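Engineer: One-letter residues, chain by chain:
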Amino acid sequence: MTARFRIGDRVVVRTDTPAGHVRTPSYLKGKRGVVLRDMGDWPNPEKLAYGKPGWPRKTNYWVQFAMDEVWSGNGAYAAGDTVVAEIYEHWLEPDTTPETAS
Amino acid sequence: MATSHPTRKPHDMGGDPAGPVDRDEHEPTLVERRIDAMMQLLRQKPRAFWVTDENRRTIESLTPETYRDSSYYQKWCLAMRSLLVEKEVLTEDEIEARLAEVKARHRKGGGRP
Amino acid sequence: MSHEHHDDHDHDHPHGHGPFQPDIKEPTEDWEFLEIALRELMIEKEILTAREIQEKIEEWDGKCPEVGARIVAKAWTDPGFKARLLADGNAGVGELGLSVPGLKLVVLENTETLHHMIVCTLCSCYPRPILGLPPLWYKSREYRSRAVREPRSVLAEFGTDIPDSAEVRVVDSTADCRFLVLPRRPEGTDGWSEDRLATLVSRDSMIGTAVARAP
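Protein chains in written order, with the working numbering: chain A, 1 to 102; chain B, 103 to 215; chain C, 216 to 430.
Honestly, the hints are just simulated from the structure, not real lab data. Computed from a predicted model, the values in this text were never measured in an experiment. Hints are supplied without guarantee of correctness; some may be wrong.
To be verified - Calculated pairs, DSBU-like style, for lysine-lysine (alpha carbon to alpha carbon, straight line, at most 35 Å):
| hint | chain 1 | residue 1 | chain 2 | residue 2 |
| --- | --- | --- | --- | --- |
| 1 | C | 278 | A | 47 |
| 2 | C | 240 | B | 147 |
| 3 | C | 271 | B | 147 |
| 4 | C | 278 | A | 52 |
| 5 | B | 210 | C | 240 |
| 6 | B | 147 | C | 354 |
| 7 | C | 319 | B | 189 |
| 8 | C | 354 | B | 111 |
Next comes chain A alone, as it looks inside the complex (with noise of 0.2 Å):
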């Protein structure tokens, strides 16, 4: 299976609420970032939490965010700090939005 995003891409997070376990931190929720590393195929944790096995696999992506773009300017940070995560390929979506001159 094609992985579904390749290094450089630009996604955002999705904004879901499921009631179970989830690896998807809130606060990356909704934010967009660019993909820095394919970290690989993984069981999927929200099943495992449950005794199921989690196949078929999803990838799992290293995303990098920009500081700003997580809080917006409230927080103890410099202008060029970021914050990374894992995120699995069903959290995210590309990220269609026209990038701005930085």
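Following the hints, position chains B and C against chain A.
Structural biologist: Frame of chain A, contents of chains B and C only:
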């Protein structure tokens, strides 16, 4: 301010306001090391009673008050109990019975090593 | 069993930090009684043995930051090893007889323009097979909440100052990777042996809340 989600669970705390980090080293006690060891033994082969995400899910299901007020290994101990019952390795009845006996024993001042 | 822990702290600790304390305190809290009850029941039913529990505790005594420090010191002195370590952390530490079973070890290099800081906001994911048990602060609400939003003030609390010209990259360990920071090699250490270099590598420098010690 972090976006507020109606179903945000207590463990999902990235970005929440909080005070200074307490850097005192608080080495784990023997009880805590035993809990850590038992949880590993129960999760790993040959037993493999559960996987890490089941442990996480169990801890995430604690009430916000219990989550906030319990220490790290206290939460693991509660999760161990819950999972052992869920997986039908032990029953609630026998745990309750033994718990009462252990408490009574320690009130009398004669603990087993 | 009690033993001295190797002191690798970076901060002044007025009351010092003592040796591992055996439990001399009688259990008083419900969860302490619960631990006893569960352990007794499992041993009686031959689900676990006391010996296995003890052996597992002792196995983890052997996993400590000194293990990680050796990896860092080798990476500092052996460019080929460092390249292999950064490309594949599991294979890299495997060359030293170490393993991180079932998880992907990712080693992240700090440079003059990039400083990594690791956190697990959702629980306490940590490269335990390499660094041992995580410190209590790593698992605290304060660190888990603030690291991703206030990295520079958290770093300041640790006495760590990273210039604004460098990117602080906070790594939230949310899945099956476990991250080990490769701190920058301090100045003034030319020609040092691996053993000597390892003494500069603190646990906190491999988490990213500190830099390696100056000589």
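Engineer: Each hint should be assessed against the structure and marked as holding or not.
Structural biologist: Here is what the structure says about each hint:
1. Among the hinted pairs, residue 278 (chain C) with residue 47 (chain A) is consistent with the structure: their alpha-carbon atoms are about 31 Å apart, no more than 35 Å.
2. Of the pairs offered as hints, the one joining residue 240 (chain C) and residue 147 (chain B) holds, with about 33 Å between alpha carbons and a cut-off of 35 Å not exceeded.
3. Taking the CA atoms of residue 271 (chain C) and residue 147 (chain B), the gap is about 13 Å. The hint holds against a cut of 35 Å.
4. Note on residue 278 (chain C) and residue 52 (chain A): the hinted pairing holds, with a Cα-Cα distance of about 31 Å set against a maximum of 35 Å.
5. A hinted pair counts as satisfied when its Cα atoms are at most 35 Å apart, and residue 210 (chain B) with residue 240 (chain C) qualifies at roughly 15 Å.
6. Under the criterion of a C-alpha separation no larger than 35 Å, the hint pairing residue 147 (chain B) with residue 354 (chain C) is consistent with the structure, at around 26 Å.
7. Distance hint between residue 319 (chain C) and residue 189 (chain B) is fulfilled; the C-alpha atoms sit about 28 Å from each other, no more than 35 Å.
8. Pair hint residue 354 (chain C) plus residue 111 (chain B) holds up; C-alpha atoms about 17 Å apart against a cutoff of 35 Å.
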